[in-house]
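Q: The numbering used here numbers the first residue of the sequence shown as 1 and each following residue consecutively.
Relax, there's no trap hidden among the hints.
Using C-beta positions, here's what the derived DEER-type ranges look like:
| no. | residue 1 | residue 2 | range |
| --- | --- | --- | --- |
| 1 | T101 | E34 | 27 to 35 Å |
| 2 | M96 | D135 | 23 to 31 Å |
| 3 | V55 | Q78 | 41 to 49 Å |
| 4 | P81 | T36 | 38 to 46 Å |
| 5 | P81 | K58 | 47 to 55 Å |
| 6 | P86 | D48 | 41 to 49 Å |
| 7 | Q78 | E34 | 32 to 40 Å |
| 8 | G129 | G104 | 23 to 31 Å |
| 9 | K54 | T22 | 24 to 32 Å |
The hints are simulated quantities; they were obtained by calculation from the structure and are not laboratory data.
Ideal Cβ positions, reconstructed from N, Cα and C, are used throughout, including at glycine.
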Amino acid sequence: MTAVKHGDTVRIHYTGRLTDGTVFDSSEGRAPLEFTVGTGHVIKGMDDGMLGLKVGDKKTLDIPFDEAYGPVNPEARQAIPREGIPADIPLEIGTMLQMQTPDGHVLPVTVVEVDEATVTLDANHHLAGKDLIFDVELVEIAS
1 MTAVKHGDTV
11 RIHYTGRLTD
21 GTVFDSSEGR
31 APLEFTVGTG
41 HVIKGMDDGM
51 LGLKVGDKKT
61 LDIPFDEAYG
71 PVNPEARQAI
81 PREGIPADIP
91 LEIGTMLQMQ
101 TPDGHVLPVT
111 VVEVDEATVT
121 LDANHHLAGK
131 DLIFDVELVE
141 IAS
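Model the full assembly from the supplied sequences, consistent with the hints where possible.
A: In structure tokens:
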């Protein structure tokens with residue numbers, strides 16, 4: 001039976017959990033996740049965890065934050081003047097917004113603080129700084 005190697009396209013079912021057991025994502029009820037191993041389409045810990053698996057194998061991957069979404073970057077938080085945000089945009093803590101960088105890229109941000117003068121936006125991934133656990137099952141090696 002063939003084992004997964006770099007460059008293989010795989011299909012997996014997975015459940016992603018935080019270390020406290022909170023499930024943050026799952027393929028349950030959906031088609032398997034498909035990606036090519038070693039191309040950076042998934043986090044490094046997931047890529048590395050696929051190597052050597054065979055179809056039907058199940059594995060739990062304990063992925064430290066530096067092989068997932070990295071550490072929290074304090075520089076990714078920015079306070080901007082409240083008047084710089086259109087009045088029709090809700091400014092509740094936890095609201096997800098999209099900003100555009102000067103070079104035209106869309107950047108997802110989360111409202112993390114609001115006061116009378118400023119709104120603080122956080123561009124860190126919501127799983128940055130968190131160790132993750134994935135239960136995976138290799139469904140298919142497509143190539």
